[in-house]
Amino acid sequence: AEGAKKGGQAVGPRPQLLVAVREAQDGPEGMVITAALLEVQGPPVAGLPPAGGIARLLLHRRHPLLQGLGGEWLPRAGDLLRIRGLRAVVGRAQAGRGPLLLPMEVALL
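Residues 1 to 109 in my numbering are what the sequence shown spells out, letter by letter.
Think of the hints as simulated: they come from the structure by calculation, not from any bench.
Note that the coordinates shown come from a computational prediction; the quantities given were computed from them, not determined experimentally.
Check before you lean on any hint, since a few could be wrong.
Between beta-carbon pairs, the in silico distance windows are [unchecked claim]:
#: 1; residue 1: A46; residue 2: R84; range: 32 to 38 Å
#: 2; residue 1: E39; residue 2: L65; range: 31 to 37 Å
#: 3; residue 1: L74; residue 2: P50; range: 15 to 21 Å
#: 4; residue 1: G52; residue 2: A95; range: 26 to 32 Å
#: 5; residue 1: P28; residue 2: G68; range: 16 to 22 Å
#: 6; residue 1: G96; residue 2: Q67; range: 27 to 33 Å
Beta carbons are placed, not taken as given, at the ideal position from N, Cα and C, and that holds for glycine.
With the hints as extra help, turn the sequences into a complete structure.
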């Protein structure tokens with residue numbers, strides 16, 4: 001199974017997350033979503049908080065979720081997202097905002 005990347009190498013099976021959107025900010029290159037981690041399944045990934053934590057998701061404009069929902073979609077507080085796999089944990093938690101994650105597969109539930 002494909003895993004999160006760290007230094008270009010897979011770090012194990014793909015984690016699966018269920019998150020609840022807290023807020024979303026749109027920008028010219030994509031969006032940053034702050035979300036509560038409701039479920040975290042799979043092996044531990046360095047920098048990924050456990051269920052109950054907070055994380056930020058970075059979705060580039062070309063991410064399949066954004067392409068499929070149209071360029072004007074912006075998640076609302078309370079929306080649920082299912083994440084399967086992480087490309088990387090690219091940023092550490094800052095001021096209670098949680099680490100910055102690059103998700104692979106994201107589905108709106």
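Hints versus structure:
no.: 1; hint: A46 - R84: 32 to 38 Å; in the structure: violated, 19 Å
no.: 2; hint: E39 - L65: 31 to 37 Å; in the structure: violated, 18 Å
no.: 3; hint: L74 - P50: 15 to 21 Å; in the structure: violated, 28 Å
no.: 4; hint: G52 - A95: 26 to 32 Å; in the structure: violated, 18 Å
no.: 5; hint: P28 - G68: 16 to 22 Å; in the structure: holds, 20 Å
no.: 6; hint: G96 - Q67: 27 to 33 Å; in the structure: holds, 31 Å
Violation of the numbered hints given earlier is confined to hints 1, 2, 3 and 4; the remaining hints are satisfied by the structure.
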